[in-house]
Each structure stands twice: as C-alpha cells, then as structure tokens.
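Line order of the protein sequences matches chains B, V and U.
The numbers in the working numbering rise by one with no breaks, and the one at position 42 of the first sequence is 43.
The numbers in the working numbering rise by one with no breaks, and the one at position 53 of the second sequence is 60.
The numbers in the working numbering rise by one with no breaks, and the one at position 2 of the third sequence is 663.
There's no promise every hint is true.
Unchecked claim - Here are some chain U residues pointing at chain B (derived, C-beta under 10 angstroms):
| no. | residue |
| --- | --- |
| 1 | E666 |
| 2 | D668 |
| 3 | G674 |
| 4 | C675 |
| 5 | H676 |
| 6 | L677 |
| 7 | E716 |
| 8 | P720 |
| 9 | L722 |
| 10 | T725 |
To be verified - Here are the simulated DSSO-like cross-link-like pairs (lysine-lysine), alpha carbons at most 30 angstroms apart as the crow flies:
| no. | chain 1 | residue 1 | chain 2 | residue 2 |
| --- | --- | --- | --- | --- |
| 11 | B | K182 | U | K730 |
| 12 | B | K38 | B | K182 |
| 13 | B | K38 | U | K691 |
| 14 | B | K224 | U | K691 |
| 15 | B | K88 | V | K359 |
Calculated from the structure, these hints are not laboratory results.
Every residue gets a Cβ at the ideal spot worked out from N, C-alpha and C, and that includes glycine.
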Amino acid sequence: MHPLAEKMLRKSALPSIYCPGCGHGTVLNSFLRAVEKLGIYENMALVGGIGCSGWTPVFINTDTIHSLHGRAIAMATGLKLAQPKRKVVVFSGDGDCVAIGGNHFIHAARRNIDLTVVMLNNNIYGMTGGQVAPTTPYQARTQTSPRGNPEQPFDACELARAAGATYIARWTTAQPAQMAKAMREAIEHKGFSFVETVVQCPTQAGRYMYGTSSAVKLYEMLKDNSVKASKAGELTPEELTGKIVVGRLLQKTDRPEFTEGVYGLSDAKGA
Amino acid sequence: MNKNIEIVQGNEACVRGALAAGCRFFAGYPITPATEIAELMALMLPDHDGAFVQMEDELGSINAVVGAAWGGMKACTATTGPGFSLMQEGIGYAAMTETPCVIINVQRGGPATGQPTMSSQQDVMQAKYGSHGDYEIIALCPSSVQEGFELTVKAFNLAERFRVPVVVLSDEIVGHTREKLRIPESVEVTPRTAPMAPPQEYQMYKVGPDGLLDGMPQVGQGYNILVESQAHGEDGNRKGNDIVTCARVIEHLCAKITDHAQELTDIVTLDCEDAEVLVVAYGSVVRSAKHAVRLAREQGIKAGLVQLRILWPFPDEALSRLAASASKVVVPEMNIGKISREVQRVLGGQVKVVSLPALGGELHTPQKIISELGS
Amino acid sequence: MNRIEIDNDFCKGCHLCIAVCPQEVLEISKVRSGKGYLVPRVARVDDCTGCLQCEMTCPDLSITVIHDKGKKEADHA
Ligand SMILES: Cc1ncc(C[n+]2csc(CCOP(=O)(O)OP(=O)(O)O)c2C)c(N)n1
Ligand code: SF4
Ligand code: SF4
Ligand code: SF4
Ligand SMILES: [Mg+2]
Numbered sequence: 002m003h004p005l006a007e008k009m010l011r012k013s014a015l016p017s018i019y020c021p022g023c024g025h026g027t028v029l030n031s032f033l034r035a036v037e038k039l040g041i042y043e044n045m046a047l048v049g050g051i052g053c054s055g056w057t058p059v060f061i062n063t064d065t066i067h068s069l070h071g072r073a074i075a076m077a078t079g080l081k082l083a084q085p086k087r088k089v090v091v092f093s094g095d096g097d098c099v100a101i102g103g104n105h106f107i108h109a110a111r112r113n114i115d116l117t118v119v120m121l122n123n124n125i126y127g128m129t130g131g132q133v134a135p136t137t138p139y140q141a142r143t144q145t146s147p148r149g150n151p152e153q154p155f156d157a158c159e160l161a162r163a164a165g166a167t168y169i170a171r172w173t174t175a176q177p178a179q180m181a182k183a184m185r186e187a188i189e190h191k192g193f194s195f196v197e198t199v200v201q202c203p204t205q206a207g208r209y210m211y212g213t214s215s216a217v218k219l220y221e222m223l224k225d226n227s228v229k230a231s232k233a234g235e236l237t238p239e240e241l242t243g244k245i246v247v248g249r250l251l252q253k254t255d256r257p258e259f260t261e262g263v264y265g266l267s268d269a270k271g272a
Numbered sequence: 008m009n010k011n012i013e014i015v016q017g018n019e020a021c022v023r024g025a026l027a028a029g030c031r032f033f034a035g036y037p038i039t040p041a042t043e044i045a046e047l048m049a050l051m052l053p054d055h056d057g058a059f060v061q062m063e064d065e066l067g068s069i070n071a072v073v074g075a076a077w078g079g080m081k082a083c084t085a086t087t088g089p090g091f092s093l094m095q096e097g098i099g100y101a102a103m104t105e106t107p108c109v110i111i112n113v114q115r116g117g118p119a120t121g122q123p124t125m126s127s128q129q130d131v132m133q134a135k136y137g138s139h140g141d142y143e144i145i146a147l148c149p150s151s152v153q154e155g156f157e158l159t160v161k162a163f164n165l166a167e168r169f170r171v172p173v174v175v176l177s178d179e180i181v182g183h184t185r186e187k188l189r190i191p192e193s194v195e196v197t198p199r200t201a202p203m204a205p206p207q208e209y210q211m212y213k214v215g216p217d218g219l220l221d222g223m224p225q226v227g228q229g230y231n232i233l234v235e236s237q238a239h240g241e242d243g244n245r246k247g248n249d250i251v252t253c254a255r256v257i258e259h260l261c262a263k264i265t266d267h268a269q270e271l272t273d274i275v276t277l278d279c280e281d282a283e284v285l286v287v288a289y290g291s292v293v294r295s296a297k298h299a300v301r302l303a304r305e306q307g308i309k310a311g312l313v314q315l316r317i318l319w320p321f322p323d324e325a326l327s328r329l330a331a332s333a334s335k336v337v338v339p340e341m342n343i344g345k346i347s348r349e350v351q352r353v354l355g356g357q358v359k360v361v362s363l364p365a366l367g368g369e370l371h372t373p374q375k376i377i378s379e380l381g382s
Numbered sequence: 662m663n664r665i666e667i668d669n670d671f672c673k674g675c676h677l678c679i680a681v682c683p684q685e686v687l688e689i690s691k692v693r694s695g696k697g698y699l700v701p702r703v704a705r706v707d708d709c710t711g712c713l714q715c716e717m718t719c720p721d722l723s724i725t726v727i728h729d730k731g732k733k734e735a736d737h738a
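Assemble the whole structure, with the sequences as input and the hints as a guide.
Okay, here's the thing in structure tokens:
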C-alpha cells in the first residue's frame, strides 16, 4: 500500500468497492495527495453521496458522513455551518450531484458557501448498473437509453458557473497531477469550489457506451479527448464536440461567502 | 404581569423551548402553518451564536439538520404535511444513523396540499411509520402554548438521550393560538456528551448495557467517525449482506425505544380515579376534551380524561392500567380515527372503544364529545 | 536507481500503471494475486525516471515509487 494510503485510508473499509481500473480510485489517489500537501488531514470532514463515487470518502479514515442519494451537499451545508473553520469536502457522482441532488448543487453555489464539491463524472449511473445520467452524451446507449439517449447532457461546470460558484476546474484521470493541484486550489479557495473529475467506468460506461471494458483504452480516450481550456477558445463548436475541456475554468473572489455572512448577522443587527 | 409570563402563539413557544433546550441550528422551508417557527428562528438564532438557513426545500432542510447535528449542534426543523412527506427519507436516515434531531410538524389537513390553513392530526401514523423500513421514533403532542414550550424542550432532551429523531406533533390550532406562556427560570437540559471511550477504542455503533450508544461524538474530536446509512456493524462499516448484523441493527433501533416505554410514558389525567367513561386525547383536541369531561361531570357522568403527551411509543401499559375499571373509552381525534385503532389494540378485549373522528379542520365541540360519553 | 513497490494485496490488475508509464518500465506478469488479478511487474527499473505517473494514476494506491535519494514522496503530492 502506498504510504499515503497507509496513513489516511480507513483499513476496516478496505478493499474498496471499486471495480478494477475504476477512475474513482484515481480521484481518491489525487485527493490524498492534495490533503497531504495542504496538511489538512486533521482539519477536514468529508461527505459522500450514494453511488460508487459516494463511497470515496468512506475509504478515508477521517470524519466521514455517507449520506443519502443526492443529499450530500445539503448535509455538508449543515455541517459547515456547525463547524465553519473545518474544510468540508463533498464527493458526489454525476447522477448524485446534478440529477437527484441538482437543486442542492445550484443553491450551494448560489450561496457561495465555503464547500468543495468533487463531482466524479463517469457519464453514467455506475452503481445501479449503467443507466442514463444527466451527463450521458446525446444519443449514447445505456441500459435505459437502449436506442440512444434522446436527451442533451448538462455541462456541470457551466451549471456551477451560472449558479454562482467561485472556483471551477475540470480534469480527467489522465491528468492526475493537475487534478490534485485543482483539489488543493479548490480546498484553499474561500467560497463554493467545484472540481469535476471525468473518470472511466470500465464496467458500465465502458461496456455500454464506449464499446470496451478496458480501463486502459478508456483512459486513452479521456487523454486523447482532453483539450486545455486555454486552447479551447481557438476551436469551433464542431471541433469541440466530444472533447473534454480541462483546466481551471474560474477563480474569483468578488462574491461574499455564506457562512461568514450567517455568523456576521448578530453584529450587523446593532449597526 | 409577571415578567416571565408572556402572551405568545404556540409556534413561538416551540421556538422559545428549542432555544432554551440548546438548539443552535435551524434549517427550514416556509410552509403554512409552520412558517412562524422559521421566521422567529431567523430572528433569534444569531443572538444565540446559532445558525439559521432557509434551504431550497425540505429535503435540504432535514439533511442540513443531520449534518449540523454531527457538527456538534443541537438542530431542528419545522414543517407541515407536504414538507413532512419530503423529509421522510431524511428522518429514516437520522433513525438509522442514530442522529439526534427534532422535527416540528405543525399539522394541517392533507393529503397533498390539502388544507393549508386548517388544523388536523392526520400525520400521526406518518410520524411513526413515514420512512421506509423498520425503526422507532419518539413523538410528542402539545395541546397548548405552554406545552408547546415544555414538550419542545423535552423533545430535544429525548433526542440526545436516545440518539433518535424526535417529532413534535403540533397542529395548526396549537401553533396559532395565542395564550399565556410562563417561561421557567431554568429548564433541565440534557447536554450532548462525548463518548466515554477514547478515540482508539471507540466504536460508533456499539450498544451499551442500557441498550443505548456511548455518547455522541462530533466531527473534529478525533474519533474519525463514519456515519453510515447502510446497515452497519459496530464499527460503522457497512454490513449490508450480513443477515445477523442487519437483524441486530433493526432490533436495536426499535428496542432502544420500546424497552424504555415506561420512561417514555407522559400522560396527564383529569378525573380518572373513579371514571367509568374515559376520553383518550392528544394535541389540540385535549382542549375541548377537558371541557367535555368537566361538563359531563356536572351532568353526573363519571367521565375522565387521559391526555397522551407522548404519542409514540404508545403507552400500552399505562393506558391499560388507567382504563382498568372503565366501561367505555372515547377517542376524539382530528383524523379518520387513527389512534383509536391503537387504543383498540391495547384495550379491545377489555372495554368498548369508540372512535370520534373530526375531519375538514373543525375541532370537536365539547358537546360532540359529551354526547358520546353520555350515550 | 529508483525502487518500485507493487502491493499485490491491493492491486486489482487494471494495468493502468503499465499504460501510463512513458518509459515502459512495467509489464504484465504471469503472477496472479490472491484475488486472482494479474499483477504488473517491474521489468526495466533502470529506465524509471521517477515521474510518478504510475503512482498517481493507480486507482488502488498499490504502486509506490521510491526515489533514488530515498525520499518517498516527490513534489507531485
Ligand atoms: C432516492 C434514491 N433513488 C435511487 C437510488 C438508487 N441509486 C443508487 S446509486 C444511483 C446512481 C448513482 O449514479 P452516480 O451518482 O452517477 O454515481 P456512480 O455510481 O456512477 O459513481 C442510484 C440511482 C437511491 N439509492 N436512492
Ligand atoms: S461500476 Fe463503474 S463507477 Fe462503479 S466501481 Fe465499477 S467501474 Fe467504478
Ligand atoms: S494501476 Fe495499480 S491496481 Fe492497476 S495494475 Fe497497476 S498497481 Fe495494480
Ligand atoms: S515513475 Fe514514471 S517512469 Fe517510473 S515506472 Fe512510474 S511511470 Fe514509469
Ligand atoms: Mg455516475
């Protein structure tokens, strides 16, 4: 076991539930690196949603809440308000975060509450066996879109931006060092920070959508399809179809943070 | 007037009770007839170093409450029918993860949007059985503004002691009635206590000899807690496929309440000593039941009142004892006759149980109850 | 020379580490782990530049690169 795993994983919860080659594991790996470098292992609390992705914080030996499907951000909101000084990080699948939990997601962004949400996007419902997600590409085949997905997907980063998030980044498992760095920036950022991690799901998305269960092939697709945000501007919408724009997409400090606002109220009243 | 006595509405009494009991977190969503609770919490919590948040819906509210509870705060929410329905999955989560929290349901007429401004007691079964799966909760029913205060304090205390979601089943009548509230000099508060076991030895869900858990750890105390909603072993890790462990979890969630039924009996009686006919009532219906019993006595009917202040767990033993020499029990309630079935279950073989439902939002008149007592 | 450790107890044989290594240091072995996964092996350790791609990608945190100078973690943390 890697020394970081030795130090930070919850041994009683291992082995992880991830299938071999599941990209969620690379996100876990990146997160441990981010935590180590920031030195926040003793000063964090994690909340997971329900889905393969939601198990991620359960494997970490810290204060962890494994919540309900879609409710991780709501629980984290209460937790953060109770412990404003603690770094609170949410791990949520694409279904968990922008389907069933979409309302909490946009409202947490709107409040600019100081949470970090890591969305593990495998473009599918992994845990339930490969059904269509709000991130599944148009016309893609899944178990509940057997004749092709008639729906358009969300771009979760744009959703976060429109809702008021103040830090946004997207990376794939093919850029683990950048992913870890983005997590560091997100955790250090004061306000609602969002890191979309695009990951391979060999078992469900691979099999049904991409025609291969090979983690390696899926990884290569992610790598080949990644386009740096700085380059994306030069491409036409047609050229960008099927591409994954990666990089830091937003960082700003012009919006007040919610928890500070809540605890500032009693002073403000006298003024 | 004594400065400790104020004229307030029932909803405000619940807020005052919550704050007196140490509530420092409220998450809610506006809904008639519970909205005043959120409004007052928004106004008052900041001066108690607490936090108020109006969430985007009731799903968010109950889950934020759970999160705050693990963050170390005593936490509550308030709602009514439609919002209470939305909260059920979260209440089940709190039951499964043994999260102390308080849910105030100021009942209105249902189902669906139903009767937003009219009172009811239609959610009594939902309070007990609303979430899926087997578990037990505690529910208290205030019948007056004073009880709104007292039973909310008690709800917080019981939530801490039993590590369980506690429902205050108020209703529109109690919530919106303005009457005297005497705020006591001091109230007895059950503090949140950290586990006795040191972090290295601590097991999240290890049940003690009293059937309860060892204290309540919070985030940041070094326990590396794992709050897990799947059926879990003592260390908190999922044991979803382990038949023995899963059976034990459910038995524990139920037994920690039912095995303490005596401690969890809260009954107030009126004229029961020699009563031949008994009224069993809870919540706002108690108000007219009291009148009915007094008037019946004036008419020479040997009537008595049994008021259930804790509705769940149901006080089987105490009720059988009180009804031992009665020949008839009348159960007036503002629903289709839900608790009368519980009374029937407990007393069925012993006495005649008569259900007296009132639907549509109107409280029973004392006369309506008397006519059943005298017949 | 860098040292590379693979933990056969946790490795799930996905072979991502092999694919991401720019130096082709790793290859599939014939060894099956206790759980039946075909674990990778270090074939050309001399070629390892210590870039940590393998380590950072491994979903099961089962591969560790120990740099020549002895320090376990490079700056990619
Ligand atoms: C209220 C509710 N509805 C449905 C489910 C079943 N369910 C569990 S996980 C899941 C989808 C998970 O997809 P995603 O969030 O993308 O996570 P992944 O497994 O892909 O990592 C669903 C629908 C549930 N647990 N709760
Ligand atoms: S089903 Fe997909 S997302 Fe879930 S563990 Fe397996 S590979 Fe990962
Ligand atoms: S990436 Fe990790 S789990 Fe996959 S084969 Fe290599 S060492 Fe094993
Ligand atoms: S550290 Fe780099 S060069 Fe060395 S084995 Fe790993 S990927 Fe290959
Ligand atoms: Mg998914």
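Hints and how they fare:
| no. | hint | in the structure |
| --- | --- | --- |
| 1 | E666 | holds, 9 angstroms |
| 2 | D668 | holds, 5 angstroms |
| 3 | G674 | holds, 6 angstroms |
| 4 | C675 | holds, 3 angstroms |
| 5 | H676 | holds, 6 angstroms |
| 6 | L677 | holds, 6 angstroms |
| 7 | E716 | holds, 7 angstroms |
| 8 | P720 | holds, 2 angstroms |
| 9 | L722 | holds, 4 angstroms |
| 10 | T725 | holds, 5 angstroms |
| 11 | K182/B to K730/U | holds, 24 angstroms |
| 12 | K38/B to K182/B | holds, 9 angstroms |
| 13 | K38/B to K691/U | violated, 36 angstroms |
| 14 | K224/B to K691/U | holds, 28 angstroms |
| 15 | K88/B to K359/V | violated, 61 angstroms |
In summary, the structure is inconsistent with hints 13, 15 from the numbered list given earlier, while agreeing with the others.
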